[in-house]
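Number of protein chains: 2
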Amino acid sequence: MACCQIAPDVERPENNADKVRRAIAAGVAGGAEIIVLPELASSGYVFRSVEEARAAAVPADGEVLRAWAEEADRGGAVVVCGFCELASDGRVFNSAALLADGDMIAIYRKLHLWGDEQRWFAPGEEPAPVVSTRHGRIGLAVCYDIEFPELTRGLALEGADLIALPANWPHEPSQDGARPVLHSLAEMTAYLSKVFVAVCDRCGVERGAEFEGGSVIAGPEGGLRAGPVADRGVETLVADCELAQARDKRTSEHNDAFADRRAGQYVDALVQG
Amino acid sequence: MACCQIAPDVERPENNADKVRRAIAAGVAGGAEIIVLPELASSGYVFRSVEEARAAAVPADGEVLRAWAEEADRGGAVVVCGFCELASDGRVFNSAALLADGDMIAIYRKLHLWGDEQRWFAPGEEPAPVVSTRHGRIGLAVCYDIEFPELTRGLALEGADLIALPANWPHEPSQDGARPVLHSLAEMTAYLSKVFVAVCDRCGVERGAEFEGGSVIAGPEGGLRAGPVADRGVETLVADCELAQARDKRTSEHNDAFADRRAGQYVDALVQG
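Here the protein sequences come in this chain order: A and B. Take the first sequence: its letters are residues 6 to 278, numbered as in this note's numbering. Take the second sequence: its letters are residues 6 to 278, numbered as in this note's numbering.
Because the hints were derived from the structure by calculation, they are not lab data. One or more of the hints may lead you astray.
Some chain B residues near chain A, calculated using beta-carbon distances under 7 Å [what the hints assert, rightly or not]:
| no. | residue |
| --- | --- |
| 1 | E155 |
| 2 | A264 |
| 3 | R267 |
None of these values were measured; they are calculated from a predicted model. Beta carbons are placed, not taken as given, at the ideal position from N, Cα and C, and that holds for glycine.
Build out the structure end to end from the sequences listed, making use of the hints.
Here you go:
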């Protein structure tokens, strides 16, 4: 598995698609079977207007994703990549695509919009999906979604071996020296549901906003299998993960993270408004 | 708020109730308004037989809890304490009691039994409760429950300002030097739902089993307000917590940990078997 932490550039949108394609090619060349890329990798993040976001958006069935899918397919790899999606009705979504077998297999439109995102994006209207691939069952989520245990736990309960989470996590200078909360979130999400969690963050600075470069790959035991990246720069994290390990939820002779659940005793407020 | 990390002793059950009473008295003398004590503080943990567990069990409406409630009431304090409960039908539960106003106000019977516990205890049959007290709204959970986000998130959604979690967390020598996962769980549970989490663990060794002594108090920002205890010994953690802070779920100008939830988009598997 590889997380390609790259730096898309909202000022040069014409370069981003190829930057992603090259990262996929490098991942494939390195033998990665699952390649995760950042949120909004096709466009950059710090938009100034709705028009700018729409101009940078691409359709889910268009050339950009097709080129990525074809590049991935040269190595039989599965790709999860965030992109700025132009829907057929003209709305713009902050989406993640799962690409496999040379095709776009599934799209997830981010449910939880963060910060200014509601100015540019329509919120998703479908649950986050779990997709069966030749390399395992992959649940999709994007960035801020990791702060909603209903969503991440739901992906695991629906059978995800891996939660692939493209991100554009802002760097907080006031927290310099402290461990980014993103890393604890990745570890605890993995630990609680005994799944793998691959956070592929972006890096770089856009219009004065610096990103965390906080990519990590966490394993079902709750520890980091790869990362964090030392200097918030461009880097590809690689981890050798046996995804089938995530199908065994036993934690001891007596306990099992899923079988021990008491589903009848949880409040409906979890799934109701 | 005070977490009284004490060492009950399963070999000398006759001493435990008074050990708890003295801890409550000390907490009250120190000005604590909310006092949390460990799981099974009335009995100790490492039972050898069902008979031993039953012999150590006390009724929720009996003398032991009444004495604790009266001690707490001298300072107008609210107490959450784990105890070995003898139900009226003879079953034994691993329970937590909330004591206030000189009385037993609520009982929670642990839903998720860990390790050997299913040999001694019947599993709870009711959701974990949130209780309104003069010092804030307190959600009850016990030890291993913290590994079930459905339960902890549910408590927060039901209005808990504080999740009070009596624990008997085993110390894992193989993890010496590493941060106990319990502390990350407490922090992330607090962070995700913007609540306080008071873990009151026990310490000491019983029949060869050492406990973590991992008490901590986490705040809504996700950091520790008190603890961890340095040497896994007897200690009272104290933190000055404004519980009303947990009623503001805003995290920025644009975001709110609860208002941002997309309840219609979470899977029913969360609350169904």
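Each hint tested on the structure:
{"no.": "1", "hint": "E155", "result": "4 Å, holds"}
{"no.": "2", "hint": "A264", "result": "10 Å, violated"}
{"no.": "3", "hint": "R267", "result": "5 Å, holds"}
Checked against the numbered hints above, the structure violates only hint 2.
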